[in-house]
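Visitor: Below, each chain spelled out in residue letters.
There are 2 protein chains.
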Amino acid sequence: MKILIDAFGGDNSPQDVIAGTVAAVKAKKGFTAVLVGNKELLDVHLSRYGYPQDRIEILDAKQVITCEEEPTVGIRTKPDSTVCKAFKELKDNEEAKAFVSAGSTGAVLVGATLKLGRIKGVARPALCPVIPTLNGKNVLLIDSGANADCKAINLCQFAVMGTVYANAMGVESPKVALLSNSTEDEKGNALCHEVFPMLQSMKGINFIGNMEARDILSGEADVVVADGFSGNVALKSMEGAVKTVMYAVKDAVYGSLSGKIGGLFLKKRLKKLKEKFDYNKRGGALFIGVNKPVIKAHGSAKKETFKNTVLQAVSYAEFDLADKITAALIESGVASAK
Amino acid sequence: MKILIDAFGGDNSPQDVIAGTVAAVKAKKGFTAVLVGNKELLDVHLSRYGYPQDRIEILDAKQVITCEEEPTVGIRTKPDSTVCKAFKELKDNEEAKAFVSAGSTGAVLVGATLKLGRIKGVARPALCPVIPTLNGKNVLLIDSGANADCKAINLCQFAVMGTVYANAMGVESPKVALLSNSTEDEKGNALCHEVFPMLQSMKGINFIGNMEARDILSGEADVVVADGFSGNVALKSMEGAVKTVMYAVKDAVYGSLSGKIGGLFLKKRLKKLKEKFDYNKRGGALFIGVNKPVIKAHGSAKKETFKNTVLQAVSYAEFDLADKITAALIESGVASAK
Chain A
128 MKILIDAFGG
138 DNSPQDVIAG
148 TVAAVKAKKG
158 FTAVLVGNKE
168 LLDVHLSRYG
178 YPQDRIEILD
188 AKQVITCEEE
198 PTVGIRTKPD
208 STVCKAFKEL
218 KDNEEAKAFV
228 SAGSTGAVLV
238 GATLKLGRIK
248 GVARPALCPV
258 IPTLNGKNVL
268 LIDSGANADC
278 KAINLCQFAV
288 MGTVYANAMG
298 VESPKVALLS
308 NSTEDEKGNA
318 LCHEVFPMLQ
328 SMKGINFIGN
338 MEARDILSGE
348 ADVVVADGFS
358 GNVALKSMEG
368 AVKTVMYAVK
378 DAVYGSLSGK
388 IGGLFLKKRL
398 KKLKEKFDYN
408 KRGGALFIGV
418 NKPVIKAHGS
428 AKKETFKNTV
438 LQAVSYAEFD
448 LADKITAALI
458 ESGVASAK
Chain B
128 MKILIDAFGG
138 DNSPQDVIAG
148 TVAAVKAKKG
158 FTAVLVGNKE
168 LLDVHLSRYG
178 YPQDRIEILD
188 AKQVITCEEE
198 PTVGIRTKPD
208 STVCKAFKEL
218 KDNEEAKAFV
228 SAGSTGAVLV
238 GATLKLGRIK
248 GVARPALCPV
258 IPTLNGKNVL
268 LIDSGANADC
278 KAINLCQFAV
288 MGTVYANAMG
298 VESPKVALLS
308 NSTEDEKGNA
318 LCHEVFPMLQ
328 SMKGINFIGN
338 MEARDILSGE
348 ADVVVADGFS
358 GNVALKSMEG
368 AVKTVMYAVK
378 DAVYGSLSGK
388 IGGLFLKKRL
398 KKLKEKFDYN
408 KRGGALFIGV
418 NKPVIKAHGS
428 AKKETFKNTV
438 LQAVSYAEFD
448 LADKITAALI
458 ESGVASAK
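Keeping their order, the protein sequence lines are chains A and B. Going by the numbering used here, the first residue of the first sequence is number 128, and it counts up by one from there. Going by the numbering used here, the first residue of the second sequence is number 128, and it counts up by one from there.
Note that identical chains are pooled: a pair holds if it fits in a single copy or bridges any two copies.
Capping the alpha-carbon separation at 25 Å, the derived lysine-lysine pairs in PhoX-like fashion look like this:
no., residue 1, residue 2
1, Lys451, Lys129
2, Lys399, Lys377
3, Lys377, Lys395
4, Lys398, Lys377
5, Lys394, Lys377
6, Lys401, Lys377
7, Lys408, Lys370
These are computed hints drawn from the structure, not numbers from a lab.
Generate the whole structure from the sequences, applying the supplied hints.
Guide: Encoded structure:
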């Protein structure tokens with residue numbers, strides 16, 4: 128099994144991508160990592176590391192689509208970009224099972240949809256991060272940003288894809304909630320009003336009703352369904368709030384002598400806590416609904432995150448989501464015709 | 128000046144409403160607090176407190192609209208409810224300047240719009256909480272939940288109302304941002320695409336562009352404009368995340384011996400921190416766009432919050448927002464005809 132990795136995506140590429148990839152092949156057997164990018168440069172970087180030589184390959188790609196470029200233009204005009212080369216390989220090579228990138232989100236999503244193609248029955252693939260909660264459960268927030276404007280049928284499909292994804296992660300009959308501005312059934316915006324009864328009647332969906340954004344982290348639902356705009360607002364609001372509070376806690380701990388003394392005792396625990404809430408460190412968001420797993424890591428990802436994301440890709444490659452998603456869409460009665 | 132207070136709104140009414148009101152009149156001169164609710168009951172409660180007798184009055188109202196009731200039905204069928212009586216008094220009595228309630232949000236918003244009336248030129252009043260940030264600045268998030276579905280013109284009016292509100296709070300030329308899923312100009316959903324150029328060209332609006340939800344707490348913008356659904360998602364996501372992290376910090380501090388020792392040194396600072404982020408304790412959200420200030424406190428508000436919200440109402444009564452909002456809407460070219 129080969130896992131493709133965009134060596135020139137993200138703020139800390141290629142150094143941290145390479146370091147993370149080396150760490151990943153050392154941590155787990157059974158896959159080959161393929162770094163996609165400028166071969167000459169990658170050879171120089173790789174020569175500095177010790178690792179099992181047969182575990183890391185290079186797929187040469189001389190171009191990079193930057194975050195400043197219009198994604199569709201980049202995909203069209205840069206066939207030798209890391210993203211385009213990776214998707215071509217994913218499509219053509221049976222052995223290539225998944226792709227990891229911390230580069231331009233737009234380019235990855237557009238490239239995946241156009242080059243790799245959507246799973247049969249899926250109208251709109253969606254971004255789906257795994258959000259850790261205090262009680263140890265994971266919450267899938269789908270869509271967290273791929274589709275700013277959605278129709279009711281899209282959200283119903285997100286519910287199906289989220290359910291299949293949660294199943295693959297070991298959750299039986301995952302609880303699905305609809306993100307709304309109230310927990311009451313009849314509340315929400317026009318889209319919620321349309322989606323709510325559809326989710327209620329869909330076969331194979333364990334729908335538990337509307338959920339307010341403040342309860343996402345409660346872990347009451349396994350899958351939270353939202354349009355990509357609100358889902359993005361929820362995800363980034365939580366991210367910003369967690370960051371702000373942790374910063375303030377740090378300031379409280381180290382901002383005074385008594386705080387410093389207290390901090391000595393707490394240092395380890397606070398560090399652990401910070402890591403607990405940093406979902407970005409644990410891996411990337413799955414772009415679910417395209418023919419092979421594509422995982423988008425945060426643009427600021429570092430070595431540890433790349434390592435985790437590569438390992439995540441390895442386990443996702445074994446999920447075999449495509450067939451399951453098509454079957455589940457048909458069962459639920461929301462498969463798209465083309 | 129009279130400030131009307133819904134004595135039977137919120138989980139902790141009437142006890143905490145009364146205690147908070149007594150504390151408010153003791154803390155500040157120059158206003159009379161009018162508790163709206165069952166006179167017999169309120170007389171019994173009030174007899175337990177010592178306070179300047181001429182500072183607290185009672186407006187008898189025998190009914191209560193509960194959170195379980197359909198707001199429009201409640202407003203129509205319960206003329207003797209605290210909310211209906213308060214809005215009638217606000218409308219008829221020149222001296223009555225503002226209304227505070229922790230009761231049914233729906234009933235308060237519907238009642239205010241129907242009974243008190245919209246400010247001339249305002250199509251949709253909006254909920255606007257004051258969110259504290261680390262750098263000491265306050266951010267106004269408008270709309271945070273009154274209008275689940277919005278048109279472009281509504282968001283433009285929110286920008287104007289937020290600007291006037293920030294002005295009243297002493298911020299000159301407040302920075303206005305549009306909540307979006309990216310900071311780039313051309314990103315967002317269909318509504319953002321429509322609103323963005325309108326905000327750019329509006330006179331009197333200091334528009335700084337799109338803002339991601341993760342930056343709301345940065346304090347870079349004084350006013351963040353959103354439709355009521357996304358605004359609600361942002362507000363509640365932040366609320367949930369702050370609560371979860373603070374809970375986890377507490378757990379880290381008191382969950383082990385070394386933590387406990389550390390916690391002793393940190394206790395005061397962490398408590399202060401918790402209060403810093405608890406915007407609900409500081410007061411309520413202004414329902415802006417109706418003829419007199421209506422302030423919605425959190426349903427779980429306690430004594431301290433009621434005290435703060437009553438004092439907030441006193442200062443807002445002096446803002447004279449109505450005329451300023453009408454003038455600003457006309458200046459910006461977004462006043463509604465009726």
